[in-house]
Every structure is written in structure tokens, then in C-alpha cells.
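Asks: Take a look at the letters that make up each chain.
Protein chains: 2
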Amino acid sequence: MSDDSSWTEDPYEVLRVQPGFRLSDQDTDASPGFDGGKKEGEKDLAEGAGRLADLQEKLFACGREGEPRSVLLVLQAMDTAGKGGIVSHVIGSMNPGGVHYAGFGKPTPDELAHDFLWRVWREVPAAGQVGVFDRSHYEDVLIGRVRSLAPPEELERRYGAINAFEKELAQSGTTIVKVMLHLGKEEQKKRLASRLERPDKLWKFNPADVDERLHWDSYQEAYQVVFDRTTSAYAPWFVVPADRKWYARAAVQRILIRALEGLGLEWPVPDYDVEEQKRRLDAS
Amino acid sequence: MSDDSSWTEDPYEVLRVQPGFRLSDQDTDASPGFDGGKKEGEKDLAEGAGRLADLQEKLFACGREGEPRSVLLVLQAMDTAGKGGIVSHVIGSMNPGGVHYAGFGKPTPDELAHDFLWRVWREVPAAGQVGVFDRSHYEDVLIGRVRSLAPPEELERRYGAINAFEKELAQSGTTIVKVMLHLGKEEQKKRLASRLERPDKLWKFNPADVDERLHWDSYQEAYQVVFDRTTSAYAPWFVVPADRKWYARAAVQRILIRALEGLGLEWPVPDYDVEEQKRRLDAS
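For the protein sequence lines, the chains are A and B, in the order given.
Residue numbers for the first sequence follow the working numbering, so the first one is 98 and each next one is one higher.
Residue numbers for the second sequence follow the working numbering, so the first one is 98 and each next one is one higher.
Just so you know, not all the hints are guaranteed correct.
Claimed, not checked - With a straight-line cut-off of 20 Å between C-alpha atoms, the simulated SDA-like cross-links for lysine to any residue are:
hint, chain 1, residue 1, chain 2, residue 2
1, A, Lys282, A, Ser315
2, B, Lys203, A, Gln321
3, A, Lys287, A, Arg310
4, B, Lys301, A, Arg166
Don't read these hints as lab results, they were simulated from the structure.
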């Protein structure tokens, strides 16, 4: 890294899924590329907040001037892995006016009456926006597969449909960043247990979380298939170790910063005469 | 105030529009109820951020459990008054997943083909959400009036329509807080001028801002009519002096905190057996 942070390697490189990637080989408790602990991680996150906000403002400004670029962050994870914390602590540093957040829960009857990509299309970011998908179309090949919510041939069809969808988005100007927060099974048990101990966290617990937990290995396998089938140059996956919340937040922030910097945007050139406007303003 | 902050009076009381209110009597450079300067104001804002975030999480939790309450913040102001800063620095401390932001710009042809409240209804907050209107239906009686964008009888009709709309929202569970950021004419000139001096702010300048500025007095009159006609117990107006950004942000944050505290919400009681779930989790 070119700055004086605690990153020794760029998480955009070190966490990106490459050919031959095996989820089962990844340590959920690691902090790859980061030379420091919680204190340094939180400092890094605080320092990156302004940088991310500035980059987002530039994207927004360019979008207003007709530049078609946008960014889409897709967040996937097992329950309690920290998606909410990423939204609060990473996304929260950007101007809400330029962020389009969409949470995808259990599909409604209206959503089920359409193709699985229908509700997703309605939420893709507009030019100038940073879109955030809290869960996504990947649920349709994760819980969809683990719980056999669709026939095998339909599940099989979806991987190709997802690739075609993401390619279309990318070609129309959206930089896609897909993040799986990779949590350990024991760490999840601790986090679920702590929700059951705190009156202000009981609402976050759902008995269905334990039901899904009983299918842990099947979910890991389903994620492996997702990485094998939907990793592409135009829509890369990043697997972020998530047992340490401070690490996951700092890493996702860096990945987003890198994606925004990669757009190479410049502040828009005004379509008005600056000196003329100064005179008008002065006389007003 | 019951805490040890620099507030000597509650901005929810001191800034709320009361019968007989005159906009022209209000000092845009004042900091009513606050005993301190920029440093204390920024400290107060930082301290309030966590409190606001906690209250919003509780509202969100209750919404998930079927509680129909929501909060709607309406932001109105002359250009450069600092709406964007309120959104970043006050709204930004809440979880974006529970915030519904809607910016209302120049109406599209589709919007113009409907009643003026049509596009507003589509953006009202759902149960558990904090909605933020960056401009709103009030534009239709502000620029609508100043620029004669509708016939006089239609403009006249709208005040009643707005009151009926807000009453309906309030009765269905939405706590409405309407804020006008009150900027001085000279301060606006300074802020517009500074946008013309900075390459990274030129995009924020629009020659139309100077056009509107030439109608300053008409806008102030139109706002006065708005306060006279649309101030109600269920949808109060707050006029916040906005020449000092730190003051406006701290004040709006306090007003929102008061509105959320006023809901008197408690953390939801779970509809599952906590001990049973602990056993299930333990065995998983």
C-alpha cells in the first residue's frame, strides 16, 4: 500500500477470489494483509471514512453531469456475520443522499410471481449512486439450493442468469463488488447466544437462525458453488474473514475505496461561465 | 434540559413555530438555547450521534414486530442553507438500513401528470423507518407560488391538501417533524461565491440558484404563508437559524432525538421462548 496505514497488502488483492479458491481453506479468524489489532483497525476505519465520503461525492457529482458510472456493493453472509455493522460503520460514512440501500428478505407473493431477478433490477443503483444490497439475488442459489426452494434445473439456470445480469450491469457502467463475510461456526454460536442474553438484542434473534445453522455445511458448499460459477472479471467476489468485526469493516472499506478510485473520475467541468456567474452573484 | 450538555433550553421548544410567529423577526445568525460556540456544538453533535442511532434501532426493532410507528423529517430551505450537511452529519449517524431518504427535485413529466402529492406518497416512511424528505411537497407552494407554476386557485387548494395529507400520515403512526433551515441573504451570497472558487464545488453551483436568489423576498413571504397555513399539532414546523452550520446540525439532531424519545418505545418482547432457543442453540 502506498500510504502509512497498517495495511501491508491491499485487501482488494489478497481477499479477491481467484481460480482454485477453496472456502474451506479460509481462516475466519485471520486478518490478511493487516499488521495490527483492533485499535489500529478502528483507527484505519476512522481515517478512511473521509476518503470514502469524498470519493462518493465525486461519483455523485459526475452522475449529475451525465456520467453513467455507479458502484454496487453486494453483501452476503451467514446470520450474525456483521452485514449490519458494515452498513452502519462503512456505508454510514457516505452521504445517505447518494447511497441506495436495498435489503432483500423473504420474497413477497408479488416477488415470487416474477423471475428471481425482477426485484433485484428494481433496486440497482442509478448513475452517481453507491448501491448496497443487504442480501441479494445470491439468496436464490444459497437458501434456494440448501432448502430446495426451486427445481434443480431452475437452480442450475440461475448461475448463468446471474452472470448475464451482472455483465449487463457492468457494461452499462456499474462497478460491482461482491463481498461474502466469512464467519466461523463457533463464532456464530457465540454471537447468537449473546443476542439471547440482551433485552435490547432479543429482537434480532429469530428461531429460524438456528434452523439455518443446522444446515451449516450445506451453506458452505452452496457458497463454494457460487464462487466457482459466478466469479468474473466484471463482478469479482471477495471473501472477508469476519470473526473480527474491526477487520471486516476496515477491509470492506478499503475494497470500496479501491473500487471508487478505480473509476478515475474527475470533478465535472461546469457548463456555465464561472466569471459571468460571479458577476451575477455579486450584483444580486 | 436534563443532561449536562451546552443546551440551556430545548430546541424542540424554542425553535418551534407558535401562533403569531414572524419569519422576518428571526435572526439567522443566532444560536437560541445553546450556551457555547462551534467547539461545544460539534462536541454535542458527536455525543448525540450514538443516542440517535440507538433510538432509531429501537424504532426499527419495533417496526419489525408490527408496531406501526415511523418518523418523517421534512427539510426545506433556500439553496446552500445546509440540507446536505444535515443529511450527512445528523442522518448519517443512523443505520442506513432503517432510513428512507427521498430527494424531491424538479418534477418529471410523469410526476407532473399526477397530483402534486402523488410522488410524495410513494416516499413516505414505512413502519420502523426514519424518513427524510430533502425538499418536499412544500416546494409546490414555495417555488410553485413564487414562480406562478400553478393557477392561484390550485395553489390555494394545496395548503388544505397538505394539512389533510399530514393529518392522515400522523394518524396512521408517523411522527412528522418539519424543519426550515433559515439562512441569511448575505450568508447565502458568501456560500454561493465560495462554490465558484473551488474546483471540487463548482458542480454544486447552478446558475438557477442566482435566479431564485433574485426572488428572495418573495420566498420569505411564501415561507411565512406556509407557517401560517400548515403549522399544526400533528405536524409542527421548526425554524432553525442556519448561518452557523454547527448550530443547525446540533439543533436538528436534538429535535429528532426528542421526537424519537416521544414515541416512548420499548424493546419488543420476543414471541419465542428464550430458554428453549438457548437449548436449541447449544445443541447445534
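Asks: Against each hint, give a clear statement of whether it holds in the structure.
Replies: Each hint, compared with the structure:
no.	hint	result
1	A:Lys282 <-> A:Ser315	holds, 13 Å
2	B:Lys203 <-> A:Gln321	violated, 47 Å
3	A:Lys287 <-> A:Arg310	holds, 13 Å
4	B:Lys301 <-> A:Arg166	holds, 18 Å
Hint compliance for this structure: hint 2 alone is broken.
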